[in-house]
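Protein chains in written order, with our numbering: chain B, 1 to 394; chain V, 1 to 271.
Hints were generated in silico from the structure; no laboratory data involved. Hints should not be assumed to be uniformly reliable.
[What the hints assert, rightly or not] Think about it this way: if two alpha-carbon atoms lie no more than 25 Å apart in a straight line, the pair counts; the simulated SDA-like pairs of lysine to any residue are:
hint: 1; chain 1: B; residue 1: Lys267; chain 2: B; residue 2: Asp7
hint: 2; chain 1: B; residue 1: Lys81; chain 2: B; residue 2: Ser118
hint: 3; chain 1: B; residue 1: Lys112; chain 2: V; residue 2: Leu33
hint: 4; chain 1: V; residue 1: Lys157; chain 2: B; residue 2: Asp109
hint: 5; chain 1: B; residue 1: Lys108; chain 2: V; residue 2: Cys239
hint: 6; chain 1: V; residue 1: Lys157; chain 2: B; residue 2: Leu106
hint: 7; chain 1: B; residue 1: Lys282; chain 2: V; residue 2: Lys157
What you are looking at is a predicted structure, and each value in this text was computed from that prediction instead of being measured.
Chain residues, written in single-letter form:
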Amino acid sequence: MTLVYLDNNATTMVAPEVCEAMMPYFSEMYGNASSIYDLAHSANNAVKESREIIADFLGAKDLKEIIFTSCGSESANMAIKGTLEVNKNKKHIITTKIEHPCVLNLYKDLEKKGYRVSWINVDSNGDLNIGQLLEEVCEDTALVSVMMANNETGVIYPVDKISEAVKMRNPETKVFVDAVQAAGKIPINVKDTKIDMLGISGHKFHAPKGIGALYVKTGTMISPLIVGGHQERGKRAGTENVPYIVGMATAARLAKEALNDELTRVKALRDKLERGILSSIKNSVLNSKSKNRVPNTTNIGFQYIEGELILLHMNDLGICASSGSACTSGSLEPSHVLRAQGVPFTSLHGSIRFSLSRYTTEQEIDYTLEKLPAIIDKLVKISPFQKELNEIFK
Amino acid sequence: MWEYSDKVKEHYKNPKNVGSIENADAIGEAGALACGDKLKIYLKIDNGIITDAKFQTFGCGSAVASSSILTEMIIGKSVEEARKITNKDIADELDGLPPEKMHCSVMGHEALEDALKDYFGEKEETPSKENTDKVICNCFGVTESEIVKAIKEKGAKTLDDIREINYAGGGCARCVPNIKMLLDKYAKKDIKLNPVQFILKINKVLETNVAHELGKDSGGIELVNVDGYDVYVKLTGTCSSCKNATLTLKNFVETQLREHVDENINVIEVK
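Same shape as in the complex, but just chain V (with noise of 0.2 Å):
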């Protein structure tokens, strides 16, 4: 379970600047009831200064305290400056969120930007401005291309493991489908073989990359026999006298075996 600070206590339990406010001059909102948490937010401007903010949330603890102290630091700056804060910000001035809670702090920065393109008369969605490289994961600020790195180069398989690289999906969950798309797509497939493909798979692979590799030294490796994922090869030529031919079935044909077709496979040498 996880800790607030002392400002988020603070905040969630008595919120500041709770309500709705009579002839706004620009109202914007964020989230959905079935995600669990909704923000609306209400802006009072005047000559450009935002004089007035009210809030009224459906969400966590630290839902509410990111609305409250959205509410309080935007109050008196113009609208320019409340354009620049960032859901990092609204995290900062709450002594931090824990890392589940991160997407309070998105809502509410969502909720501000929304109620300022109200103001700017920009409701009309403008298309991103980055469309090379999109935000999935908008709770902890993570890229299409991150998600993709972590597919590729650091073998993620499932949510879970993204969600342990790089914490992506990991906050309100609604870019799931999204990441898991980009799972389907990227990430490599375990293909369960039948028994006979198995075997047939090894045979090559023993045929090719090892049996290449110990005729430099003129000797020879036979398939003898699968049991499960137990692998029985006899060596022969030069190999079935050499004193290291243990070392060379663990380190080389069950590594390349394990590799290429399998984890789990051991290689038992039949003498």
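One chain only, chain B, in its complex shape (with noise of 0.2 Å):
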């Protein structure tokens, strides 16, 4: 049965070389980093070795500066709670409404707890309102909190400027980046930034879920979310997970490699199925117009008709994409990306995010655009908006 995968934002296959990598760190070198013979020492060095990769691939300049997570989630939560409870003076935070649920909820359980949060809002292409993020900037504002780039839509947000403008205006405030959708799609560089931490999540690029990491940089003070022992210099304790270290440190440095592939190859592969998709089916919108966005995703609206039925058609010839976030897929609320940037009701349930990565073929494009009209046409045929769908294709 063929099976195209384009939810590579959702999760991603773990690279055969990743797999390889880990398997040592299972059977043979299983001891634990934190022991003194030699066993151990080749765990703990495989640890340090992980560190100096990723170092590297956030363009960290320190070692210290990152810590290793089990996910995207922790990483986020550990410098959103870290950064408020050694900031307990400061009770105003700044973010977007185009957040990853992560994030989201985490902000509208503060706001809850006595937190004022300001919501940053998008225009129809996706952009952020930078002035008006700027403008609410305060003596009182303890976090500035943005996504680099964004889950559904893949637009990008220049968070090296926007964490230089904030500086300028409150050089107390911290700035969180989440940038678990740009890691392994674009270069990441906090090195010459205003950036205090950034969080990333293995499996988005190619190693194993549950492993995730989390840049501090030097001088930035937070308070750890697990305490324990000593692990990660006292900020997250638990048993260092050694292979899963090895994986992702293995996947950054292959996803590094591979960044010029996904700039070129794999973003030619996303414009011809957003081109081929827009010129073929005729009730197609494009959803976010932004020019800046990752080279692997494309969120594409079908009007008057409805997403999960077109996934469910997909998925009978083994296509599989998303509507809406993965995470709020479970409920039956529409994207509050999408509602946050102004798509109308008419293509607003009908919104599928096609997400590609370097695994993608150009084969699976040609399937995708040779199947999905038939799929878009059996279901405007059911539509009730007749009416409607017969101006648009006239």
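Combine the two chains into a complex, taking the hints into account.
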């Protein structure tokens, strides 16, 4: 059976090289990285080397700036709660309306606990109102939190410029960047920015699920989320997950090597898919027209038909994609990102995200372009909005 | 993510009776574009018997399946028989629907009802039969009194609490504003006390509820300090030398303060 996987923003296939690199740390070099004997040294060295690779991947100056975590959500929670804990006198947070639920729901929770949260909006292209964001910065602002790339639309936010401008207004305000959807897709280099913290998640760039990292700039104080042993210099207790750390580092090394491929070949495939759908399917519209998008993502709305039904029919032909954010697809509310952008109801419920990876082939894109029009055609025929659709297809 | 029954899959993959009927004897509608669900049903009726039915649906897999199976269920039935079909009958015929998707069967039922009203010339809305206890959540058939009960007796404070107790508001979410109104009206408010009010309230509970009880054994209690949720107290009279003092503090004093002031309070004894 054909399998065309176009949902790489949800998760990715573990790269074969990553699997291979991890295996010895389960079976031969299984020592606890904190122990004294030789068996442990090999584990400890592996963690150290992995930290070097991740530091290089993110452009960190110092190995101490990298903390291994279990996932992107943990990285975000640690950065946010850890910052607020050591800045208890400040009660204001600035973030965007289009953050990932793991960040969004945490801020909603903090709002209930007495924090004032400024929610910055995006325009219809998906671009952020940076002027409004900067105006909100005040004496009381503990944290500014902006994602580097959006998971649903792929729109990139200029976090380096934002961090610079925020610090001009209040040098004490900390800046956290959720870079989960940017890592492996576009270059990340925190070195010459004013970003204080930046989180990534391994499984979005061909490492397994269950491993992430948080960059914390030297001199930035945060309190730990998980308290216990001295691991990660007391910032994150818990025995080091050696095989997964090695896996993520291997994936990061491969992603860095493949970045050029991502920015050229993958982008060309994405553009081919996007242009192909928009030209062959009359009721399709591009949801995020921003010029700054990660090379692998496109989000397309199909007017007057419903997204889940499209996905179910695509699934029958072996094509995997998603509607809304995978995290919200258990509920019936339409995507908060597309709503913030003001996507009209005519295409809001029929919006599909296609996200490619470096493993996506041209044949897979051709197959999708060949099959999708018939699916949409079938569903258009079922729609009660025949009059409106006739107008579009006229 | 939900798992659909084979019957649901069969019907969304190959829906039966798709389309419209020219010169239909009755047309019914339910749902709206903004909600992500809309269904239109067309009926051909001869001598009180439904001879043909067609549908058009904007919605998810289970919405299409509900519409499709509904048309199969009603063709050949009399209008009276068709009127007796409930949303549960539609869901049962599909071998069940996931809870989040029950509203799809409701929509099918609503469209059928609407069509039959059209047929009987009843389209002008007649007032609801059960004014006393109106249904708030159509998806799960939850009434106002059931929601109020969840708030008053089960202590529901948020929409999520209500969803957990009786699913209301967990389907199409159209009734969420109404549920929120009921929450505003009936749910206990967590009023944030300022530190002075907080201490005064603690003192009052100690003086009225606690001191009175301890006084029965010739004991007493004094409030020494309050630091966040930590309440420092000193036991006096016979209580000060009582072996069970710690027990008294935890089981009685702390329970009283947690119940009447704030559930996060810790009571600490000062000698």
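Against the structure, the hints:
Restraint check for Lys267 of chain B and Asp7 of chain B: the C-alpha separation of about 15 Å stays at or below 25 Å, so the hint holds. This hinted pair checks out: Lys81 of chain B and Ser118 of chain B have alpha carbons roughly 17 Å apart, not beyond 25 Å. The straight-line distance between the Cα atoms of Lys112 of chain B and Leu33 of chain V is roughly 32 Å, outside the 25 Å bound, and the hint therefore fails. Restraint check for Lys157 of chain V and Asp109 of chain B: satisfied, since their Cα atoms lie roughly 15 Å apart, inside the 25 Å limit.
Restraint check for Lys108 of chain B and Cys239 of chain V: not satisfied, since their Cα atoms lie roughly 46 Å apart, outside the 25 Å limit. This hinted pair checks out: Lys157 of chain V and Leu106 of chain B have alpha carbons roughly 19 Å apart, not beyond 25 Å. Under the criterion of a C-alpha separation no larger than 25 Å, the hint pairing Lys282 of chain B with Lys157 of chain V is inconsistent with the structure, at around 47 Å.
Hints 3, 5, 7 from the list above are not met by this structure, while the remaining hints are.
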